[in-house]
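Enquirer: If you read the protein sequences in the order shown, they are chains C and S.
Counting from 1, position 268 in the first sequence corresponds to residue 268 in this note's numbering; the numbering is continuous, with no gaps.
Counting from 1, position 94 in the second sequence corresponds to residue 1094 in this note's numbering; the numbering is continuous, with no gaps.
Simulated from the structure, these hints should not be mistaken for lab results.
From a predicted model like this one, the values you see are computed outputs, not experimental measurements.
Ideal placement from N, C-alpha and C gives every residue a C-beta, glycine not left out.
It cannot be assumed that every hint is accurate.
Unchecked claim - Part of the chain S face toward chain C, derived, beta carbon under 8 Å:
hint	residue
1	Asn-1003
2	Phe-1006
3	Pro-1009
4	Trp-1115
5	Leu-1209
6	Met-1213
7	Gly-1216
8	Ala-1239
9	Trp-1309
10	Thr-1313
11	Pro-1351
12	Leu-1354
13	Gln-1374
14	Gln-1378
Stated by the list, open to error - Derived Cβ-Cβ restraints for the label pairs, each shown as a range:
hint	chain 1	residue 1	chain 2	residue 2	range
15	S	Asp-1344	C	Glu-317	38 to 46 Å
16	S	Glu-1223	C	Gln-296	20 to 28 Å
17	C	Asp-236	S	Glu-1306	47 to 55 Å
Number of protein chains: 2
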Amino acid sequence: MENFVFYNPVKILFGKGQIANIATEIPKDAKILMTYGGGSIKKNGVYDQVKSALGEHDVIEFGGIEPNPTYETLMKAVEIVRNSDINFLLAVGGGSVADGTKFIAAAANFDGEPWDILSKRAPISSALPIGVVLTLAATGSEMNINSVVTKAANKEKRHFASPLVYPRFSVLDPETTFSLPQRQVSNGIVDAFTHTMEQYLTYPVNAPLQDRMAEGILKTLIEEGPKTLANPQDYDARANFMWCATMALNGIIAVGVPQDWATHMIGHELTALHGLDHGQTLAVVLPSTLTVKRAQKSQKLLQYAERVWGITTGIEEERINTAINKTREFFESVGVHTKLSDYDVTLDTIPLVLERLENYGYTALGEHQDVNLQTVEQILQLCA
Amino acid sequence: MENFVFYNPVKILFGKGQIANIATEIPKDAKILMTYGGGSIKKNGVYDQVKSALGEHDVIEFGGIEPNPTYETLMKAVEIVRNSDINFLLAVGGGSVADGTKFIAAAANFDGEPWDILSKRAPISSALPIGVVLTLAATGSEMNINSVVTKAANKEKRHFASPLVYPRFSVLDPETTFSLPQRQVSNGIVDAFTHTMEQYLTYPVNAPLQDRMAEGILKTLIEEGPKTLANPQDYDARANFMWCATMALNGIIAVGVPQDWATHMIGHELTALHGLDHGQTLAVVLPSTLTVKRAQKSQKLLQYAERVWGITTGIEEERINTAINKTREFFESVGVHTKLSDYDVTLDTIPLVLERLENYGYTALGEHQDVNLQTVEQILQLCA
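If we strip away everything but chain C, and leave its shape as in the complex, we get (with noise of 0.2 Å):
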C-alpha cells in the first residue's frame, strides 16, 4: 500500500425526508444563494421542499446551471454572490448544479480572473461555504473536492479541485430521483461505475481492502443499476445506487493505490467538442482504454474478471476479453451506447481531441503517465 493522506468532512443526510432537516445545518443568518438547474426541480417537489425548510432564512435564487456548467453562466452568479453580500451557497440538482456552485464557491473570493482556477489551476485561499442537496446520483461531487467547468466561448472542458470546497452537508434523499429521465439515471450508472475503475483497474500494489470496496461498489451497480432502471420508484434500489455513485469518489476507495482517469480525461474532450453527455463518452472510451492497456493492467484485469464478472475459465488473454466484453454489454444493457458512430462522430474527431490534449499538457496521462497522444490515438481508434 502506498503512503496516503484522507481527510472528508462532508457531513452526509441520507433518506427520504432529510431535506426538512436543512435549516438547522446552514447558519439562522445566512445569506443564501440557492443555485439550481433547468428547473426540474420545481416540476418534481424539490423546489418546495427546499423552500419550505429554509422558511427562515434569507434566499435569493440562480436557476439555469446547466449540464457541463458553463464558465459564462456561472460568472453571472459570482457578481450576485458579491453583489448581494451572499455567504452561504445552496446547490439543489445533480453533478452540474454541484461543481458549478463549488466554482461560484472559489470564484466570488477570487482576485483576479477566476478561469485561471481552471486553467492555471491558480490557487485558491478561500471559498464561500456550501450546502448541496443532490437530485441525480453520478458524480461523487456530493462528496468530493472535485468541480469540472466549461468555457462555452472555446468548449473548454477544464477541471479544478481544492479542500476548501468541500461540501458542509449533502442531502441524498433517494426520492428525489424517482422522477429522472431514464437518460441521466443510464449516464449515472455508467459514470460510478467509471469512477470506481479508474481508482481500482490499474496494477495491484497490496491493498486488499481497497480492492475489495471498490469491487462491492461494481457488483452492487451491476445488481443495482438494472433494477432501478425497471422500477424508478423502487426506494432501496435507487438508494442504493445513490450511495454506490457517492463512495465511488468520495475518496474512501483511492487511498494508497494508484489511478488511471485517461478515459475521464479523453471524455471531456468528447463532450466538449460533440456534445455527448459525460456519462456517455465513459461508456464509449473505457473499454478501449482497457483494451489498448491490457498488458500492462493485466493482473487487475484478471481479477476483476474473477471477482466481478465470475470469470475463472480460459487461458488469461480469453478472460481479459470476457471481461472487457462484459463491460461494454453492461453499459449497453443499462442503455448507454458505447461506439462513436451510436453519436455519430467519426474518428476524424482524433486530431481534434489530440490537439485540444496537447494544448492543455495532458500527454501523460494514466496510471503511469505514459498513455501519451499517441496511445490517445489508438485507444480512440477503438472507439469507432
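Following the hints, complete the assembly by docking chain S onto the known chain C.
Expert: Below, chain S alone, put in the same frame as chain C:
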C-alpha cells in the same frame, strides 16, 4: 436501507514516515499535552520521532495511561491541562491512550463532575482538540467519537461518544506496530473483526454495499491477520491490518444498517470483573451471542457463511454451525482463546455480570433490543 447521518472529519496520515508531518497539523503556538501509556514508545523509537517532529512546539508529557484507562489516572491529566493552560492533546499509543485522551479533552472543559460524562451520559459542549499517533491497530478510536474509561475504585467500565472528540488528525504508521507483543496484535485482530460483526451480523435491510464492505474487512482480516502474526515486519500485512481496524469502526460500514453491540457490552463486564483483555472477552462472547441469537440472525449468518467462509453446502442449520465454528477457530488460530475456562473464569461470574448490567440499565441490548438479562445468562452459559 435506513436513513442515516454520516460525518467523519478526521484527517488520516497513513504510512511510513508520517509522524514527521504532525508539526504542520498542530498550531505553532499550541501548548501540547502529549499523552502515552507504559513507555513502550520510548523503546521502539516512536517517542523520539514525535519529540523530534515537535521540536518547535511547547510540549508537556503525561505518561502512564494504562490499558483500559482509568478515571483516576486520567483526572490527573485533567488537572495538568487545567493548571498549565494546555490547549492541544496529542495521544501517542493505542486505543486506550486515544480513548483516555478523548476523556481528558472532554473533562478538562466540563463544568461539573466529569464522571457524569460516562455514568450519566452528561452532555459536553466543548472539548480540547486532539491529535493521535497510533501505535496499535485495534479499536478504531483514531477515527471515531468513542471512548471507554474504567473507574478503578469500583471497576465500572463506561462509555461516552461525542463528535467533539473526533481527533483532528491521526497518524497511522504501520512501522510503529512492528515491535508490539504478539498478544496485543492478536487481540487487535479479534477486536477489529468483532467490531465489523457487531455492525454486519444483524438482519438484512437491503444495504448491499455496506454488506460487501463489511465482508471485505472480514475477509482481509482473515487473510492478513495470520500474515502479520507470522512476520511482524511485513509492512504491507501490518498496513492492511491497520487500515482494516480503522475502517471497521469509523462509521462507514454502519451507515443505514442496524447494529448489535451486545457482545461488547457483556465483554466490558468480563474485563472489569476479571481483568481479561478486551479482545479476549470478544473472542469468548461473540460465538455464544451468534449461537443464542442464531434464529433472528439466520439470514445474515447464512450470507456470512457463504461470502466470508465459502460455505455453500449442507442444510441451513449446518452452514450456520460451521460459520460460527469457523469464527471461533479463527480467533483461536490468531492466538486468542474463546472459552471462559481458558482464563480461569467460572460461571459463578454470571450473577455478577447480570447485576452490573442491571445497575447500568443495560437490559435491552442487541439490534432488536431484546437481549435482556435472561438472554445474557444464556450467552454466558455457552462461554464456559
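Enquirer: Work down the list of hints and note, for each, if the structure agrees.
Expert: Hints versus structure:
no.	hint	in the structure
1	Asn-1003	holds, 3 Å
2	Phe-1006	holds, 4 Å
3	Pro-1009	holds, 4 Å
4	Trp-1115	violated, 31 Å
5	Leu-1209	holds, 5 Å
6	Met-1213	holds, 5 Å
7	Gly-1216	holds, 3 Å
8	Ala-1239	holds, 5 Å
9	Trp-1309	violated, 15 Å
10	Thr-1313	violated, 18 Å
11	Pro-1351	violated, 42 Å
12	Leu-1354	violated, 37 Å
13	Gln-1374	violated, 35 Å
14	Gln-1378	violated, 34 Å
15	Asp-1344/S with Glu-317/C: 38 to 46 Å	violated, 60 Å
16	Glu-1223/S with Gln-296/C: 20 to 28 Å	holds, 25 Å
17	Asp-236/C with Glu-1306/S: 47 to 55 Å	violated, 21 Å
The structure does not agree with the numbered hints 4, 9, 10, 11, 12, 13, 14, 15 and 17 stated previously, though it agrees with the rest.
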